[in-house]
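Okay, here's what each chain looks like letter by letter:
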Amino acid sequence: QVQLVESGGGVVQPGGSLRLSCVAPGFTFSAFGVHWVRQAPGKGLEWVAFLGRNPTNEYYADSVKGRFTISRDNSQNTLYLQMNTLRLEDTAVYYCAKDGKYQTFFDSWGQGTLVTVSS
Amino acid sequence: QSALTQPASVSGSPGQSITISCTGSSSDVGGHNYVSWYQQHPGKAPKLIIYDVSNRPSGVSNRFSGSKSGNTASLTISGLQAEDEADYYCSSYVTGSTNVFGTGTKVTVL
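Note that the protein sequences, when read in sequence, are chains A and B. With the working numbering as the guide, the letters of the first sequence map in order to residues 244 to 362. With the working numbering as the guide, the letters of the second sequence map in order to residues 3 to 112.
Because the hints were derived from the structure by calculation, they are not lab data. From a predicted model like this one, the values you see are computed outputs, not experimental measurements. Ideal Cβ placement from N, Cα and C applies to all residues, glycine included. Do not rely on the hints blindly, as some may be mistaken.
Pairs of lysine-lysine residues, derived as DSBU-like cross-links and limited to a Cα-Cα distance of at most 30 Å, are as follows [unchecked claim]:
| no. | chain 1 | residue 1 | chain 2 | residue 2 |
| --- | --- | --- | --- | --- |
| 1 | A | Lys344 | B | Lys49 |
| 2 | A | Lys286 | A | Lys308 |
| 3 | B | Lys70 | A | Lys286 |
| 4 | B | Lys108 | B | Lys46 |
| 5 | A | Lys286 | A | Lys344 |
| 6 | A | Lys344 | B | Lys46 |
| 7 | A | Lys308 | B | Lys49 |
| 8 | B | Lys70 | A | Lys344 |
| 9 | B | Lys70 | B | Lys46 |
| 10 | A | Lys308 | A | Lys344 |
| 11 | A | Lys308 | B | Lys46 |
| 12 | B | Lys108 | A | Lys344 |
| 13 | B | Lys70 | B | Lys49 |
| 14 | B | Lys46 | A | Lys286 |
| 15 | B | Lys108 | B | Lys49 |
| 16 | B | Lys49 | A | Lys286 |
| 17 | B | Lys108 | A | Lys286 |
Using C-beta positions, here's what the derived DEER-type ranges look like [to be verified]:
| no. | chain 1 | residue 1 | chain 2 | residue 2 | range |
| --- | --- | --- | --- | --- | --- |
| 18 | B | Gln83 | A | Gln354 | 21 to 27 Å |
| 19 | A | Ala274 | B | His43 | 26 to 32 Å |
| 20 | B | Pro44 | A | Arg262 | 41 to 47 Å |
If we strip away everything but chain B, and leave its shape as in the complex, we get:
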């Protein structure tokens, strides 16, 4: 169960768009449409922002969007805001009934 690979950090200026990648294998990201994304502010619990690759839960800003191509999923944050500065984690269901998280990406708003 190796962690999914994410860039350690991504930064952008307010109003810009940024994209975070999440790379796995055919046993996880590539094999299922069950990629989810979580936002975590310091000292807080994670919060679901995307599920099933591209679905947003009720109440989550439409500035967050998700997609997938092959073994790589992506989270795009458009119109970057100061409140988006946080850690972001992807997750995937894994064949064999386990789950795996990504290594995490720190988003900095310049």
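With the rest of the complex left out, here is chain A:
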């Protein structure tokens, strides 16, 4: 298993922006695909976005398309989720997860970072 560590969560007002980060100490992010998955308080898991080893493979859930951007900085070995135009319903714990194979399952997860959208 790969250890993943998220950061960047916090409280933001509706309409605001936030950038989440995820690092994998000892592993090279460019070597595998990665996902962001979120979980609203007391609710189920929701897939958010995927970035493949090939950076042209970039996909989003309809609920965040056009507002969120997944990216990675190979020089910093870091995965990002840029979240713009945040809504109350974006409040959730955000997990980064390593892709197991061709976007078909999630084989390692971080501990999550909490994003709260509130006025």
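Fit chain B to the given chain A structure using the hints.
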């Protein structure tokens, strides 16, 4: 991208077997052999327990098994133990390069 349908709760006594269903459509569960299952204890991150419908990752107990028929996948936990009490989620690859999770099932060990 509608969530896959799971029962809200399933319960069983220690030693018993229980089965959790996960119903989707021909665009997800029925169209691909890419169903996976995750166990989540309160306050913890999810953990992969089944991938590609019926494969177990190294280190996962063989008490967990998966199967699929048509648009419905199933997770069976045999020899139920107290430590199995958790939330369980199925997931599937979706045609068009997205992913979807199930609604989640709370397993209670009586």
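> Are proline 44 of chain B and arginine 262 of chain A spaced within 41 to 47 Å by their CB atoms?
Replying inline: violated, 28 Å
> Taking only the CA atoms, is the gap from lysine 70 of chain B to lysine 49 of chain B under or equal to 30 Å?
Replying inline: holds, 20 Å
>> Run the distance test for lysine 344 of chain A versus lysine 46 of chain B: straight-line Cα separation, threshold 30 Å.
In response: Distance of about 23 Å is within 30 Å: holds.
> Between alanine 274 of chain A and histidine 43 of chain B, is the Cβ distance one that fits in 26 to 32 Å?
Replying inline: Roughly 29 Å apart at Cβ, these two residues keep to the hinted range, so it holds.
> Could one say that the CB atoms of glutamine 83 of chain B and glutamine 354 of chain A fall in the range 21 to 27 Å?
Replying inline: holds, 25 Å
> Does lysine 46 of chain B pair with lysine 286 of chain A here, judged by a C-alpha cut-off of 30 Å?
Replying inline: holds, 14 Å
> Between lysine 286 of chain A and lysine 308 of chain A, does the CA-CA distance stay at or below 30 Å?
Replying inline: It holds: about 21 Å lies between the C-alpha atoms, which stays within 30 Å.
> Holds or violated: are the alpha carbons of lysine 108 of chain B and lysine 49 of chain B at most 30 Å from each other?
Replying inline: holds, 15 Å
>> Does lysine 344 of chain A sit within 30 Å of lysine 108 of chain B, going by the straight-line distance between their CA atoms?
In response: This hinted pair holds, its Cα atoms lying about 27 Å apart.
> Has the given pair, lysine 286 of chain A with lysine 344 of chain A, been kept, meaning a C-alpha gap of at most 30 Å?
Replying inline: With a Cα-Cα distance of about 26 Å, the restraint between lysine 286 of chain A and lysine 344 of chain A holds, given a limit of 30 Å.
>> For a C-alpha distance cap of 30 Å, please report whether lysine 70 of chain B and lysine 46 of chain B respect it.
In response: With Cα atoms ~27 Å apart, lysine 70 of chain B and lysine 46 of chain B stay inside 30 Å; holds.
> Are the Cα positions of lysine 49 of chain B and lysine 286 of chain A separated by 30 Å at most?
Replying inline: Holds, at roughly 17 Å.
The structure fails to meet hint 20 from the earlier list, while all remaining hints are met.
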